[in-house]
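Student: One-letter residues, chain by chain:
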Amino acid sequence: SAVISQKPSRDICQRGTSLTIQCQVDSQVTMMFWYRQQPGQSLTLIATANQGSEATYESGFVIDKFPISRPNLTFSTLTVSNMSPEDSSIYLCSVFFPGAGLANNEQFFGPGTRLTVL
Amino acid sequence: AQKITQTQPGMFVQEKEAVTLDCTYDTSDQSYGLFWYKQPSSGEMIFLIYQGSYDEQNATEGRYSLNFQKARKSANLVISASQLGDSAMYFCAMREGRDSDKLSFGAGTTVTVRA
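Quick note, the sequences are listed as chains A and B, same order.
According to the numbering used here, the first sequence is numbered sequentially starting from 5.
According to the numbering used here, the second sequence is numbered sequentially starting from 333.
Among these hints, one or two may not hold up.
Stated by the list, open to error - Pairs of lysine-lysine residues, derived as DSS-like cross-links and limited to a Cα-Cα distance of at most 27 Å, are as follows:
hint : chain 1 : residue 1 : chain 2 : residue 2
1    : B       : Lys335    : B       : Lys405
2    : B       : Lys348    : B       : Lys434
3    : B       : Lys434    : B       : Lys335
4    : A       : Lys11     : B       : Lys434
5    : A       : Lys69     : B       : Lys434
6    : B       : Lys434    : B       : Lys405
What the hints contain is simulated information worked out from the structure, not anything from laboratory work.
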């Protein structure tokens, strides 16, 4: 298994400001993922963060709004830029550990960052 | 089109009884993986169980078992001997293809365990 930590765990921000969320993993991983969960909704993938290259964004998400850094194999940041109340969500980072057998494929999530934008 | 469908928005179950959470999926890939996660009110996503498309036996992890019916494209989660701590949102998710690490999530089912 993996130990994943996120900072901050929660924050309340003003409209128009930006917040950077950090994700730290206790093992080296090739890909890290950032998900958003809007209130009462399911999880939606924002982007895949690859070490040493640009992040890959899903449809509906752009780099200007959600810039991502991946400086090494255990760390990533997601910035929510120019925030509006619609950005109020839980943001979760996730990593995947392919196992030797199918039964060992596990994907783990960090504890999440609960963001409220006023 | 929805890749993962969870048709039960909410369910009530009596403590110590079993509950089945429905999940159907849609994919044209032969290789895929199915996951179930638990999300308590704290917001963390807790990995429960995994089923690979080529696994011949249903996955089991303690009180959790996955009823995998490949022809029907269903992967229902069974929680046996429910406990009050099982009250949470449960999400079914799928990873398609051998080279993809992205998960597609269903809408979730809220389970409330009654004493």
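Student: Now, for every hint given, state plainly whether the structure supports it.
Tutor: Evaluated hints:
1. Lys335/B - Lys405/B: Roughly 11 Å separates the two Cα atoms, so the pair holds.
2. Lys348/B - Lys434/B: Given pair Lys348/B, Lys434/B is violated - Cα atoms ~35 Å apart, limit 27 Å.
3. Lys434/B - Lys335/B: holds (12 Å)
4. Lys11/A - Lys434/B: Given that 27 Å is the threshold and the Cα spacing comes to 23 Å, the pair holds.
5. Lys69/A - Lys434/B: holds (21 Å)
6. Lys434/B - Lys405/B: holds (19 Å)
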